[in-house]
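All residue numbers for the sequence shown refer to our numbering, where the first residue is 651 and numbers rise by one.
Heads up, some of the hints might be wrong.
[As the list claims (entries may be wrong)] Each pair of labels, with its calculated beta carbon distance range:
1) Ser659 x Gly753: 22 to 28 Å
2) Leu773 x Gly753: 23 to 29 Å
3) Ala677 x Glu768: 18 to 24 Å
4) Arg669 x Gln781: 26 to 32 Å
5) Thr686 x Met651: 15 to 21 Å
6) Glu770 x Arg669: 24 to 30 Å
7) Thr780 x Val711: 26 to 32 Å
8) Gly679 x Thr657: 30 to 36 Å
9) Arg769 x Leu796: 21 to 27 Å
10) Arg767 x Glu721: 28 to 34 Å
11) Ala818 x Gly753: 31 to 37 Å
12) Ser659 x Gln781: 29 to 35 Å
If you are wondering where the hints come from, they were derived from the structure by calculation, not from laboratory data.
We treat Cβ as the ideally placed atom computed from N, Cα and C, and that holds for glycine.
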Amino acid sequence: MLVRLATTSDLPALMALLRRVIPLMHADGIFQWDDTYPNEQVFGADIDAGQLWVAEPEDGVVAGVAAITTEQYAEYAQVGWDITEPAIVVHRLAVDPAYRGAGIAVALMQQAEAVAREREIPLLRVDTNTQNAATQRLFPKLGYTLAGEFNLGFRPGLRFVCYEKRLAEQPR
651 MLVRLATTSD
661 LPALMALLRR
671 VIPLMHADGI
681 FQWDDTYPNE
691 QVFGADIDAG
701 QLWVAEPEDG
711 VVAGVAAITT
721 EQYAEYAQVG
731 WDITEPAIVV
741 HRLAVDPAYR
751 GAGIAVALMQ
761 QAEAVARERE
771 IPLLRVDTNT
781 QNAATQRLFP
791 KLGYTLAGEF
801 NLGFRPGLRF
811 VCYEKRLAEQ
821 PR
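Could you build the full structure based on these sequences and the hints that come with them?
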């Protein structure tokens with residue numbers, strides 16, 4: 651599987667992926683995303699910042715996406731996190747329904763760890779909607795610990811669960 655930085659030429663495939671993912675999220679009672687977020691402008695800004703990654707299990711097939719950033723929401727302080735401490739943060743993680751169970755999310759989360767090691771930032775953070783049982787099972791399997799819940803100002807009425815992971819110090 652290839653995990654690579656996204657380019658603007660990936661935007662049509664990413665928008666198609668969202669059109670497949672969002673209805674299934676809603677069917678599962680997960681209203682974290684809708685027709686306004688995330689959108690092409692959000693993904694475009696991620697691409698411009700060099701922080702949007704895609705997973706291709708087959709040549710040219712975009713089956714997953716994740717923004718691997720250093721952006722920590724101010725609301726993360728609600729769980730007692732020091733948001734001034736540098737962290738690699740995964741946002742906008744999605745897997746095409748046709749590829750669920752194929753290791754796409756794991757590969758993208760492993761890419762976040764690779765970015766963290768490359769930048770020498772040993773702390774990783776991620777959040778997910780309280781209704782998203784799949785990610786709440788996945789993150790602990792990858793060594794993330796539950797930190798608590800918070801509300802996001804730009805997604806009113808929703809609750810989110812935070813997880814974090816500290817990487818072991820690498821020998822120099």
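Given a hinted range of 24 to 30 Å, is it respected by the beta-carbon distance of Glu770 and Arg669?
violated, 38 Å
Holds or violated: 21 to 27 Å for the Cβ distance of Arg769 and Leu796?
holds, 25 Å
Between Ser659 and Gln781, does the beta-carbon spacing fit 29 to 35 Å?
Holds, since Ser659 and Gln781 (Cβ atoms, about 33 Å apart) stay within the stated range.
Regarding Thr780 and Val711, is the given constraint of 26 to 32 Å on their beta-carbon distance met?
Distance hint for Thr780, Val711 holds at roughly 31 Å.
At the C-beta level, are Leu773 and Gly753 separated by a distance inside 23 to 29 Å?
holds, 24 Å
Could you tell me whether the CB distance from Arg767 to Glu721 stays inside 28 to 34 Å?
Cβ of Arg767 to Cβ of Glu721: about 19 Å, so the range 28 to 34 Å is violated.
Taking the CB of Ser659 and the CB of Gly753, does the distance hold inside 22 to 28 Å?
Since the Cβ atoms of Ser659 and Gly753 sit about 24 Å apart, the hinted range of 22 to 28 Å holds.
Holds or violated: the 18 to 24 Å window for the beta-carbon distance between Ala677 and Glu768?
violated, 38 Å
Looking only at beta-carbon atoms, does the pair Gly679, Thr657 fall within the given range of 30 to 36 Å?
holds, 34 Å
At the C-beta level, are Arg669 and Gln781 separated by a distance inside 26 to 32 Å?
violated, 20 Å
The hint says 31 to 37 Å between Ala818 and Gly753; measuring C-beta to C-beta, is that right?
violated, 23 Å
Starting from the range 15 to 21 Å, see whether the pair Thr686 and Met651 falls in it by beta-carbon distance.
violated, 31 Å
Hint compliance for this structure: hints 3, 4, 5, 6, 10 and 11 are broken, all remaining hints hold.
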